[in-house]
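Trainee: Can you make the complete structure from the sequences, with help from the hints?
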Amino acid sequence: MSQAIVRFNRRLGKILSRHRLVEDQDIDEAIQKSGDDGSVMRLLIEEGKVAEEEFLGILAMETGVAPIDLNRLSLEENPCEDFKERIARSCRVLPISKASGVLTVAVSDPQDILLLDELRNLTRCQVQPVLACDFRIDEAIDRLYGDGSKEIEEVLEDYGNLDLELREGHDDSDEGVQELSFEGDESPVVKIVNHIIYQALRERASDIHVEPQERSIRVRYRCDGVLGEAQQPPAQLRASIVSRLKIMAGLDIAERRIPQDGKFQLRVEGRQVDFRVSTLPTVHGEKVVLRILDSSNLALNLETLGFEDKALSDIRNAISSSYGMMLVTGPTGSGKSTSLYSCVNEVLSPTENITTVEDPVEYQLDGVVQVPVNAKRGLTFSKALRSILRQDPDTVMIGEIRDLETAEIAVKAALTGHRVFSTLHTNDAPSTVTRMVDMGIDPFLVASATQCIAAQRLCRRLCEDCKQDAGELPAERLVALGFTPEEAAQARLYEPGGCSRCQGGYRGRFALLETMPMDEEVRRVVVGGGSALEIRDTALANGMLTLRRVGILNVLRGKTSLEEVLRVTQGD
Numbered sequence: 334m335s336q337a338i339v340r341f342n343r344r345l346g347k348i349l350s351r352h353r354l355v356e357d358q359d360i361d362e363a364i365q366k367s368g369d370d371g372s373v374m375r376l377l378i379e380e381g382k383v384a385e386e387e388f389l390g391i392l393a394m395e396t397g398v399a400p401i402d403l404n405r406l407s408l409e410e411n412p413c414e415d416f417k418e419r420i421a422r423s424c425r426v427l428p429i430s431k432a433s434g435v436l437t438v439a440v441s442d443p444q445d446i447l448l449l450d451e452l453r454n455l456t457r458c459q460v461q462p463v464l465a466c467d468f469r470i471d472e473a474i475d476r477l478y479g480d481g482s483k484e485i486e487e488v489l490e491d492y493g494n495l496d497l498e499l500r501e502g503h504d505d506s507d508e509g510v511q512e513l514s515f516e517g518d519e520s521p522v523v524k525i526v527n528h529i530i531y532q533a534l535r536e537r538a539s540d541i542h543v544e545p546q547e548r549s550i551r552v553r554y555r556c557d558g559v560l561g562e563a564q565q566p567p568a569q570l571r572a573s574i575v576s577r578l579k580i581m582a583g584l585d586i587a588e589r590r591i592p593q594d595g596k597f598q599l600r601v602e603g604r605q606v607d608f609r610v611s612t613l614p615t616v617h618g619e620k621v622v623l624r625i626l627d628s629s630n631l632a633l634n635l636e637t638l639g640f641e642d643k644a645l646s647d648i649r650n651a652i653s654s655s656y657g658m659m660l661v662t663g664p665t666g667s668g669k670s671t672s673l674y675s676c677v678n679e680v681l682s683p684t685e686n687i688t689t690v691e692d693p694v695e696y697q698l699d700g701v702v703q704v705p706v707n708a709k710r711g712l713t714f715s716k717a718l719r720s721i722l723r724q725d726p727d728t729v730m731i732g733e734i735r736d737l738e739t740a741e742i743a744v745k746a747a748l749t750g751h752r753v754f755s756t757l758h759t760n761d762a763p764s765t766v767t768r769m770v771d772m773g774i775d776p777f778l779v780a781s782a783t784q785c786i787a788a789q790r791l792c793r794r795l796c797e798d799c800k801q802d803a804g805e806l807p808a809e810r811l812v813a814l815g816f817t818p819e820e821a822a823q824a825r826l827y828e829p830g831g832c833s834r835c836q837g838g839y840r841g842r843f844a845l846l847e848t849m850p851m852d853e854e855v856r857r858v859v860v861g862g863g864s865a866l867e868i869r870d871t872a873l874a875n876g877m878l879t880l881r882r883v884g885i886l887n888v889l890r891g892k893t894s895l896e897e898v899l900r901v902t903q904g905d
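If you're matching positions, the sequence shown starts at 334 in this note's numbering and goes up one per residue.
It cannot be assumed that every hint is accurate.
[Unchecked claim] Quick list of simulated restraints, FRET-style, between CB atoms:
#1 S833 x E414: 38 to 46 angstroms
#2 P412 x H352: 46 to 54 angstroms
#3 V860 x A803: 39 to 47 angstroms
#4 L826 x R719: 48 to 56 angstroms
#5 D699 x L408: 55 to 63 angstroms
#6 G603 x N404: 50 to 58 angstroms
[Claimed, not checked] Distance condition first, Cα-Cα at most 25 angstroms in a straight line; then the derived DSS-like pairs of lysine-lysine:
#7 K347 x K417
#8 K620 x K524
#9 K892 x K643
#10 K716 x K745
#11 K417 x K431
#12 K347 x K382
Treat the hints as calculated values from the structure; they're not laboratory data.
All C-beta atoms in this analysis are idealised placements derived from N, C-alpha and C, irrespective of residue type, glycine included.
Mentor: Next up, the structure:
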């Protein structure tokens, strides 16, 4: 759900509460229950909490904008050629009429000045808003543009010939890899799939979701950690689009009842991009998710990841040692692998023998021996590690410590003169120690083998072109969230605006890092069997900055919003 929808829902709740149309509890429940479309209006009306006419009447009185009944409009043709379907769906705005350079549009939030300005720029018209419920606008957009099923020829006008070269394969070797050049007269399906992929790369997406619906197909991109809608392909091609993606990934197109995994490579505008493909059977067909591994977007440099000075110093001190473990923890998608690759890049030299074992190998690094796990053939993390340790390594990177056997080998390697980098799935640095102990590793061995533990999250960066003042929050509220009293009194907070460059108020991400060096005091608590809370208290006393605290420091610098920090540091 976009930040604009979140802010609108909150403002809507205040209006309804002020006019006593709906109970506060019902408003809160509707906000929590609102789905992908984020429509609190729809929920409250469908559940009989408020009548639609009364709802619009109050909003019209509050905003001074006249309401309109979209069900009475014929919507046979688009009144403005510049108002494309993707604009209508992404902005949730319906073009009504155009006369004398004035475009009348239906909106649910006529006080969204940034949206109206954006529409003026896109259409080169003066924009006159009228008021309608957001879900009614969605329905009307489907009537005007079609339910994702407009004629293929019309859709293909938006898709150009793209210079893509495909490398398809079914195994880990390059033998027998087929190379196809997409040039000239491609089929409609090939052209649409090429465009979906190309657009995702342009928007620097990390994942592409292709989701068959009952009467349509939905494409979404995950950009900066958040899913957003993309252009909707023709509904009648949904099965063909899924089949095309499965063919590219070397999957069995006849098998639709079980999940499948595959991969392929594309050469796009001279650069090679890797894709990991996963299919999942659903009631409306197979959903396909593509993970994009674009090495051109990868900056393997600790300096560029956005770490605080303390975090950078702690990591460099840990990896400068010739032995011991450096562990990075966090949920999936928090940037752990990128941080580990950056650590590897930091120690890379002609005098170092560096070997990694990964599942899968995400990025290929020059000068590093990289081993892909292959469970089907019996090559697990633990088995690969045993072989690697017989190869005279200086540094070993383990993609993830998943079980006791892998943990035991990693600890043994760290204690016998090897530098070990790895990841775990824990929420913070102190709980990583107790996680290792719970796996079956002796606390003394954990304390002796570990140099540093870093918990990581990725935080969206505010767009410098459109970030805006968030106004003042009560100082006691800020203190409760982790600000010092001095910071709370002087804090200037920013929130996302939204412009054509960022499409939502954020551009890019940076890492928040909570680093816990295994110093003597922390080591003593670990050896004594201390709990995660006791380890945390000791580390804090020695200067550890929590994820929340690091986030707050970046809020104070205007680098991100408080809302974003609270989102990525929940439970901290």
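Trainee: Give a verdict on every hint.
Mentor: Hint-by-hint comparison with the structure:
At about 19 angstroms, the CB distance of S833 to E414 disagrees with the hint of 38 to 46 angstroms. The beta-carbon spacing between P412 and H352, approximately 34 angstroms, falls outside the hinted interval of 46 to 54 angstroms. Take V860 and A803: their Cβ atoms lie about 46 angstroms apart, and the range 39 to 47 angstroms holds. At about 52 angstroms, the CB distance of L826 to R719 agrees with the hint of 48 to 56 angstroms.
A beta carbon spacing of about 57 angstroms between D699 and L408 agrees with the range 55 to 63 angstroms that was offered as a hint. Here the CB-CB span from G603 to N404 is close to 51 angstroms, well matched to the stated 50 to 58 angstroms. For the hint linking K347 to K417, the alpha-carbon distance of about 33 angstroms lies beyond 25 angstroms, and the restraint is violated. Simply put, K620 and K524 have alpha-carbon atoms about 20 angstroms apart, close enough for the 25 angstroms limit, and the pair holds.
The hinted pair formed by K892 and K643 meets the criterion: a straight-line CA distance of about 18 angstroms does not exceed 25 angstroms. About 14 angstroms separates the Cα atoms of K716 and K745, which keeps this hinted pair within 25 angstroms; it holds. Restraint check for K417 and K431: the C-alpha separation of about 14 angstroms stays at or below 25 angstroms, so the hint holds. Using a Cα cut-off of 25 angstroms, the hinted pair K347 and K382 holds, with the two alpha carbons roughly 15 angstroms apart.
Violated hints, listed in ascending order, are 1, 2, 7; each of the other numbered hints is respected by the structure.
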